[in-house]
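Per the working numbering, residue 221 is the first one in the sequence shown, and the count goes up by one each step.
Mixed in with the good hints, there may be bad ones.
To be verified - Each computed SDA-like pair below joins lysine to any residue, with the alpha-carbon atoms no more than 20 Å apart:
hint, residue 1, residue 2
1, K342, A321
2, K319, V306
3, K342, M303
4, K264, G283
Simulated from the structure, these hints should not be mistaken for laboratory data.
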Amino acid sequence: MNRGPKTAGLYPCLFYDDAAAAITFLEHAFGFVRRFMLTSDDGKVVHSELTFGEDVKTIIMVGSIQPSEGWISPKGLPGVHQMLSVWVADPDAHYARAKAAGAMIVRELKDEEYGSRGYLAKDPEGNVWNFATYRPGAYWGK
Numbered sequence: 221m222n223r224g225p226k227t228a229g230l231y232p233c234l235f236y237d238d239a240a241a242a243i244t245f246l247e248h249a250f251g252f253v254r255r256f257m258l259t260s261d262d263g264k265v266v267h268s269e270l271t272f273g274e275d276v277k278t279i280i281m282v283g284s285i286q287p288s289e290g291w292i293s294p295k296g297l298p299g300v301h302q303m304l305s306v307w308v309a310d311p312d313a314h315y316a317r318a319k320a321a322g323a324m325i326v327r328e329l330k331d332e333e334y335g336s337r338g339y340l341a342k343d344p345e346g347n348v349w350n351f352a353t354y355r356p357g358a359y360w361g362k
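Based on the provided sequences and hints, a complete structural model is requested.
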């Protein structure tokens with residue numbers, strides 16, 4: 221049994237028309253770190269695993285679209301079908317990095333009434349990312 225690093229129990233898997241370019245963008249603009257990548261004979265990304273910064277507990281998986289499986293990029297959808305939220309210690313620095321790398325900012329950096337600070341950005345194929353100081357569960361039991 222594989223007993224790698226202790227990780228969270230939820231691993232979003234995102235599909236892109238150009239998964240290799242998406243991985244490069246996620247690394248450069250948002251600070252993800254490529255940990256594993258498997259490609260097919262024709263060079264398409266079959267499966268990859270990225271962590272956020274040095275936090276090996278925050279993992280996403282990225283792969284190429286597979287229309288036969290119903291796996292498509294959000295690029296062609298008429299609206300947003302989901303949003304990925306990532307905790308960051310310094311949203312101001314993260315925002316500056318993403319903006320400098322050309323990320324499409326959907327909502328500018330701001331303070332929320334519930335105490336969080338963050339911003340929304342889209343990756344090149346339309347996934348929406350929320351980078352903020354918010355952590356779910358802060359109000360549980362209140």
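For this session: Below or equal to 20 Å on CA atoms is what counts here, so check K319 against V306.
Result: Since the Cα atoms of K319 and V306 sit roughly 16 Å apart, the hinted pair holds (cutoff 20 Å).
Problem set entry | Given hint M303 paired with K342 - CA-CA distance at most 20 Å | holds (9 Å)
For this session: With a cut-off of 20 Å on the C-alpha distance, tell me whether K264 and G283 pass.
Result: Satisfied, since the Cα-Cα distance of roughly 8 Å is no more than 20 Å.
Exercise. Are the Cα positions of K342 and A321 separated by 20 Å at most?
Worked result: holds (12 Å)
In summary, this structure violates none of the numbered hints.
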